[in-house]
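Participant: Those protein sequence lines, which keep their order, are chains A and B.
Read in order, the letters of the first sequence correspond to residues 0 to 394 in numbering that gives the first Met the number 0.
Read in order, the letters of the second sequence correspond to residues 0 to 394 in numbering that gives the first Met the number 0.
Because the hints were derived from the structure by calculation, they are not lab data.
Careful: at least some of the hints might be erroneous.
Because identical chains cannot be distinguished in the list, a pair is counted as satisfied if it fits within a single copy or across any two copies.
[Claimed, not checked] Within a straight-line C-alpha distance of at most 30 Å, the following computed DSSO-like cross-link-like pairs (lysine-lysine) qualify: (1) Lys-82 <-> Lys-328; (2) Lys-288 <-> Lys-46; (3) Lys-288 <-> Lys-202; (4) Lys-55 <-> Lys-328; (5) Lys-328 <-> Lys-46; (6) Lys-161 <-> Lys-256; (7) Lys-82 <-> Lys-120; (8) Lys-124 <-> Lys-22; (9) Lys-328 <-> Lys-288; (10) Lys-61 <-> Lys-357; (11) Lys-328 <-> Lys-58; (12) Lys-46 <-> Lys-364; (13) Lys-256 <-> Lys-61.
For reference, the chains in residue letters:
Number of protein chains: 2
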Amino acid sequence: MFPIRVPGFKFAGVACGIKKSRKKDLALIFSERPAAAAALFTTSAVKSPAVLAGMKRVKGGKIQAVVVNSGNANACTGARGLKDAEAMCREAARRLRIDPGLVLPSSTGLIGVPLPMEKIKTGIKRAARLVSADSFVEAATAICTTDRFVKIAARRCLLSGKRAVVAGMVKGAGMIAPNMATMLAYILTDAAVARDCLRAILKRSADRTFNSVTVDGDMSTNDTVLFLANGASGNPPVRRGSREERVLSRAAEAVMKDLALKLVEDGEGSTKVVEIRVDGARSAAEAKKIGFFVANSKLVKTAFFGEDPNFGRIMAAIGGAGVSIQEGKINVFFNDVGVVRRGVGLPGNERRAARVLKRASFTVKIALNQGRSAASVWTSDLSYEYVRINSAYKT
Amino acid sequence: MFPIRVPGFKFAGVACGIKKSRKKDLALIFSERPAAAAALFTTSAVKSPAVLAGMKRVKGGKIQAVVVNSGNANACTGARGLKDAEAMCREAARRLRIDPGLVLPSSTGLIGVPLPMEKIKTGIKRAARLVSADSFVEAATAICTTDRFVKIAARRCLLSGKRAVVAGMVKGAGMIAPNMATMLAYILTDAAVARDCLRAILKRSADRTFNSVTVDGDMSTNDTVLFLANGASGNPPVRRGSREERVLSRAAEAVMKDLALKLVEDGEGSTKVVEIRVDGARSAAEAKKIGFFVANSKLVKTAFFGEDPNFGRIMAAIGGAGVSIQEGKINVFFNDVGVVRRGVGLPGNERRAARVLKRASFTVKIALNQGRSAASVWTSDLSYEYVRINSAYKT
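Modelling step: build the complete structure from the supplied sequences, incorporating the hints.
Facilitator: Structural data, given as structure tokens:
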């Protein structure tokens, strides 16, 4: 599996001088043939021109190349920003000899500064010459900003007797990191997949993975998750409701979950990965809402950092979620150690609970006992290092 | 005005041993006659039994005494908690020789531990002997937990030719401080006020003051704002829609705004008080929603601490608020220095903007240019000290 290869896809990652550090800052992902495409974009009302250009292109249903720059988010850049995003696509298309309407652009980094287009064009030219099937990691490196490590994952599966690969790369360290912003994720498969099926798999898997993690509760202007299927595997296209859809979906969700948990692990200043598991809710939406309220509470996150089994803060966050609940039915556990039973604290278990919190990862289980639905969200702790990274960083 | 006196009200604050520090931890507020009462309580689904007991009593329209303990929140304590809250009221009523149905209880502090009722009863007995017109500050001290300073305010006004006082005390350092939780506020006046008018003044003033500040975005199980009017001033009762209502309302809102800004100033780890002013919105509710989204963003708050004029984080927070807006119409200012014009960053003004952020208090003005409504919210910055207070604290 390593180095990761996805048949029919080629990659490149180069340094073109956008980052002062001289680290890689321009990536190309290229499919030998146009690939079926599905995508999810930031729901923020403030969107990068790169996102606007990408949304337009994905509507066509096919994408053949992705051009990504890191170090500059091309956000809050107005009409010029949109022109620059289009120019990135045109340049990539010219160098790769494909239709510019099949190129999706992404940008991540500093907000409010125009893109250095000459550097980017030079970078695209070099990257287009370098694209190769073995350069997955180079591309995954070039999309990073404040990330402490490169985040990639892959799974194999068998579709109608043909072998297929699902591989993904993601960048992000806060949901929106210190201006060096954004989550960008690219999931690639050589399977042939009907487009409505691709969209369904992406939506469902992202809900349970990328849309179930939080580092800082903030949303970026540039968030993008793109799923490309180029059909090089030769399988008959996977259709909705088929057995093959379930197989591919399992592989895709596993890749996205790996990547999503790596996002939390690399969360700015993160020292722990904590699953908040809410069950016994009246609906999955209510379970997730409560989970996110707990996961985003600054008081809960600082208690995790302090390794303090502070069930009071968890109960207060549950209560504040805006979901109608009966306090007297709630049980709370740190892994298997009960700390709240029927809404009442169990201070006697504190020492055992404190041992759970010393681990690098653990689960807070919230049993509402008010229905049959459940959801998990994953979060990091809130440390001195988070404040250092985000206050010391200067625009 | 100092010492603060409110005719017809008496106060006491004593130490009865709930806090290990031996600081004052029990307060009484006593009105010589039953006072018209209006109150706002936490909207959390997890409520302290003290809040439940208080909600029931305020429905009667009259309150004559308030008994408050600090050091223990009497939350997540189940049936026993409710019995204890009722017992606090009965004991205060017995010692003050009034109807137990006219006593409102409050608790603030550690969650999940039963109240030490023997200590509390002894404290109530001593406090009831000590109540005096000059002990406003003693009571304001006894309601504090992690507060760095005592927070009180007062205003005079003239109602139908009679002099009246509005005075208030508040405690709170996070919206819910480190388990030592909660905002408690008691606003007292010797004016005579019709109850519907009292409720209207409280609701309107609290919306613009207590409900427009945020330290950590968390909500407590115990939050309470109580407004009592005992009529000792001798004025004809203030009625809705009258000139007197406007006069009294101005005084009450001024007191509550003083107290609310002191809450932010005393916010855990706070080094700055920042007003987020949103205007040009389609409704005041939308303006406030955007204001709170910016005010609660961890990335914005760490940028304030780092004194970084990071307009990108502000634009990203505006976009994430879930309000439909046109990015291309937005202007953003730090005091009078423009940093975003029509949605596009103005990096050239960064040095001047950075000077504004060095101040202990400043205004971020967000001009949406999409309507005629406005709202202000006030917030603190997010510092190392916030993480220290909330992670070092042990239950």
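Participant: For every hint, state whether the structure bears it out.
Facilitator: Here is what the structure says about each hint:
{"no.": "1", "hint": "Lys-82 <-> Lys-328", "in the structure": "between (57 Å within a copy, 19 Å between copies)"}
{"no.": "2", "hint": "Lys-288 <-> Lys-46", "in the structure": "both (24 Å within a copy, 19 Å between copies)"}
{"no.": "3", "hint": "Lys-288 <-> Lys-202", "in the structure": "both (18 Å within a copy, 28 Å between copies)"}
{"no.": "4", "hint": "Lys-55 <-> Lys-328", "in the structure": "between (48 Å within a copy, 22 Å between copies)"}
{"no.": "5", "hint": "Lys-328 <-> Lys-46", "in the structure": "between (42 Å within a copy, 14 Å between copies)"}
{"no.": "6", "hint": "Lys-161 <-> Lys-256", "in the structure": "within (24 Å within a copy, 69 Å between copies)"}
{"no.": "7", "hint": "Lys-82 <-> Lys-120", "in the structure": "within (14 Å within a copy, 73 Å between copies)"}
{"no.": "8", "hint": "Lys-124 <-> Lys-22", "in the structure": "within (17 Å within a copy, 71 Å between copies)"}
{"no.": "9", "hint": "Lys-328 <-> Lys-288", "in the structure": "within (18 Å within a copy, 32 Å between copies)"}
{"no.": "10", "hint": "Lys-61 <-> Lys-357", "in the structure": "neither (48 Å within a copy, 50 Å between copies)"}
{"no.": "11", "hint": "Lys-328 <-> Lys-58", "in the structure": "between (47 Å within a copy, 27 Å between copies)"}
{"no.": "12", "hint": "Lys-46 <-> Lys-364", "in the structure": "between (36 Å within a copy, 21 Å between copies)"}
{"no.": "13", "hint": "Lys-256 <-> Lys-61", "in the structure": "within (25 Å within a copy, 57 Å between copies)"}
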